[in-house]
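2 protein chains.
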Amino acid sequence: MSTWVAVPEGSGFGIDNLPYGIFAPPDAPARVGIRIGDQVLDLAAVLDDTVFAAATLNPFMAQGPRRWADVRAQVTDLLTDECHRERLEPALWPLPSVTLALPFAVADYVDYYSSLQHASNVGRMFRPDEEPLKPNWRHLPVGYHGRSGTVVVSGTPVMRPHGQTKAPDATAPSFGPTRRLDIEAEVGFVVGVASRMGDPIAVDAVAEHVFGVVLCNDWSARDIQAWEYVPLGPCLGKSFATSISAWVVPLAALQAARVPPPVQDPTPLPYLQGAEPWGLNLALEVQLNGTVVSRPPFAEMYWTPAQQLAHMTVNGASVRAGDLYASGTVSGAERDQRGSLLELTWNGAEPLTLSDGSTRTFLEDGDTVSIIATAPTANGGRIRLGDVTGTIAPATPPTL
Amino acid sequence: MSTWVAVPEGSGFGIDNLPYGIFAPPDAPARVGIRIGDQVLDLAAVLDDTVFAAATLNPFMAQGPRRWADVRAQVTDLLTDECHRERLEPALWPLPSVTLALPFAVADYVDYYSSLQHASNVGRMFRPDEEPLKPNWRHLPVGYHGRSGTVVVSGTPVMRPHGQTKAPDATAPSFGPTRRLDIEAEVGFVVGVASRMGDPIAVDAVAEHVFGVVLCNDWSARDIQAWEYVPLGPCLGKSFATSISAWVVPLAALQAARVPPPVQDPTPLPYLQGAEPWGLNLALEVQLNGTVVSRPPFAEMYWTPAQQLAHMTVNGASVRAGDLYASGTVSGAERDQRGSLLELTWNGAEPLTLSDGSTRTFLEDGDTVSIIATAPTANGGRIRLGDVTGTIAPATPPTL
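Protein sequences appear in the order of chains G and E. Counting from 0, one number per residue, gives the positions in the first sequence under numbering that gives the first Met the number 0. Counting from 0, one number per residue, gives the positions in the second sequence under numbering that gives the first Met the number 0.
The hints are simulated quantities; they were obtained by calculation from the structure and are not laboratory data. One should not assume that every hint holds.
Pairs count within a copy or across copies, as identical chains cannot be separated in the list.
Claimed, not checked - Listed next, the in silico DMTMM-like pairs over lysine to aspartate or glutamate satisfying Cα-Cα at most 20 Å (straight line):
| # | residue 1 | residue 2 |
| --- | --- | --- |
| 1 | Lys-165 | Glu-8 |
| 2 | Lys-165 | Asp-15 |
| 3 | Lys-165 | Asp-264 |
| 4 | Lys-165 | Asp-198 |
| 5 | Lys-133 | Asp-168 |
| 6 | Lys-165 | Glu-130 |
| 7 | Lys-165 | Asp-203 |
| 8 | Lys-133 | Asp-264 |
| 9 | Lys-133 | Asp-335 |
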């Protein structure tokens, strides 16, 4: 199947991808678009449904999987059959001419901790005298709620946060800009179809609720986090910003990426056991100022997005259109597969060398981090998830 | 100052209170109302502003403190000057005739942990071999993000949640309904005016952003929480439901309740030091099936709502209209001032006896918990916050 739209070789945004986003043409309000190659198709202009005139994907996502499949089929037809070309070309906008916005209004944001390697590495560094994994880790996908109001779209500058930190040998905390600003390379899952309070979502029903996938960078101030996080978990060390892709790749585009997750031992409780495999063979890449510093393998994640959704709702908690839940930092077994600088530099002890010869432990002002990812397709090709990029802006002292 | 509306003696909802809520008259859409006595004034019917026709308080709250003061003055005039009586009476609805809804769309929900007594009690029970307070506790208001999608209005039944628990002597966790369902009596602060990312809110600017106050019951499944909460904090043990009052009492009604908080030792960092006192002398009362089981004193809270807001944003995190942040469980120094059953029964070891002769450790199906609170007024009277009530519905096994 091929499209009449010119798609650059290796773009990863061909006819088998078709991710959704929110874009604003010049001097026009934001609306729903689908990316094809380096252009955006204005859905409100070509399909007769007011949900595409909305400034968020939420109303469309709430329409559910049958509607998603229907629209995907329609758009695929429009972009493959030459007969539509004349009508559609005025509705195609070159990417550099448009502004991309946060693709959906984030309802609740939950961040998991589902990489065995990441959790083990963090445990070794933060709690060197204990077993790296807490006793609950292999029994449930450990996670916590993050701040949805500070989820920003890829490209938004990230200001170095101020906060309280305390060196181990200090008698009292001090206040200032973080000196351990870090990234977390994650994959985020976006809920479209709400559930009702009291009705858990079964592990095999994930595709009835989850619309698609973004990349996330869960920026973290390690020094603030280390001081604040007991006993209620991370808060200010994470809440200043979380960046996500401008493009939401529909689950439908990732069918060929589905793989069995790693063997789970011990066997999880029945509510976490599914019949269908929901591991995803996504290949991530973390770039720091253009140097590839890591290639985290998502297929190695211990807990799957299906298990995470089942766990999140097993107590009767409901989900809503726009809920975002992220995988937790994706780290593989090898050093160059770790998804955070904390792990890549072993808490700053082993600096990274970038291609310009400079070295890094944690992020410096002006640094740009990009996370990209690709997934296999049924025909042996690869599609690309929306990149997530951010540049560190210097801290400005709070006016108090 | 007195109103021409008939207000029952001791109601606490006289002319010096005037809390806001969302109500639906019979067969009519929900809109903004102000409670006076046992009636609701339909603001959309008497004031010329479409914000009052909204089904949430968010648009009105976003208008800011000058507008809030203006509307309060207008409504006070309308309800005190007899000349308005004839016009207003058709816009007054008896409370039993209307349906009350969640008063605002909850954006982010942060739950603090700001009672010295509560944090100490929990530390003694959950971590008996350690100092009850973690080293950070006296330096910053410890808090975490909760689930905003499961914040429900007072009166909503609360279903006993299922989840994973593990007894200390068990080799593996088991799954089932919580056996340690608890309450947390808290006071919640509702943000009206948003801030921008990167702009912290100074501790003395709380009244520029916070619209008003609700009571919260942060229902907690202690057995689920105890197993899941390391290292990222509580999640499923809390996320199934948080109940709040149907009425938001404006900060303006609580001026006479402001008191200096307890002495903070050590002196907090400068960003947590304010010129104005933001302790609040609220008297809470917890009723279990009609028996008063506790009278928590809010004036004893260690960290104030002004400090909590300053801390929440000092890293550059923004707030939005509809953000809710709660105090954490309010517990005083005396046994009968504790704000949770966990503390009142010392983790189940010392059951409570109710007025019907029955005893309780944690909540049983059918139990009703009500939290009420009053605050002093300038003329020596007392106003009442909106009650928060919930009845426990039996667990229904998840269909998996």
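So, going through the hints one by one against the coordinates:
Proximity of Lys-165 and Glu-8 under a CA criterion of 20 Å is satisfied in neither setting, with 51 Å inside one chain copy and 54 Å between copies. Taking the shortest alpha-carbon separations for Lys-165 and Asp-15, neither the intra-copy value of 50 Å nor the inter-copy value of 46 Å comes in at or below 20 Å. Taking CA atoms no more than 20 Å apart as the test, Lys-165 paired with Asp-264 passes between copies only; the shortest distance there is 17 Å, against 38 Å inside one copy. In the homo-oligomer, the alpha carbons of Lys-165 and Asp-198 never lie at most 20 Å apart, since the shortest distance is 43 Å inside one protomer and 23 Å across protomers.
In this homomeric assembly, Lys-133 and Asp-168 come within 20 Å of each other (Cα to Cα) only across copies, at 16 Å, whereas the closest approach inside a single copy is 26 Å. Only between protomers do Lys-165 and Glu-130 lie at most 20 Å apart by alpha-carbon distance; the minimum there is 18 Å, versus 24 Å within a single protomer. For the homomeric pair Lys-165 and Asp-203, neither the shortest alpha-carbon distance inside one copy (45 Å) nor that between copies (25 Å) is at most 20 Å. For the homomeric pair Lys-133 and Asp-264, the shortest alpha-carbon distance inside one copy (15 Å) is at most 20 Å, but the shortest distance between copies (33 Å) is not.
Taking the shortest Cα distances, Lys-133 and Asp-335 never come within 20 Å of each other, neither inside one copy (25 Å) nor across copies (35 Å).
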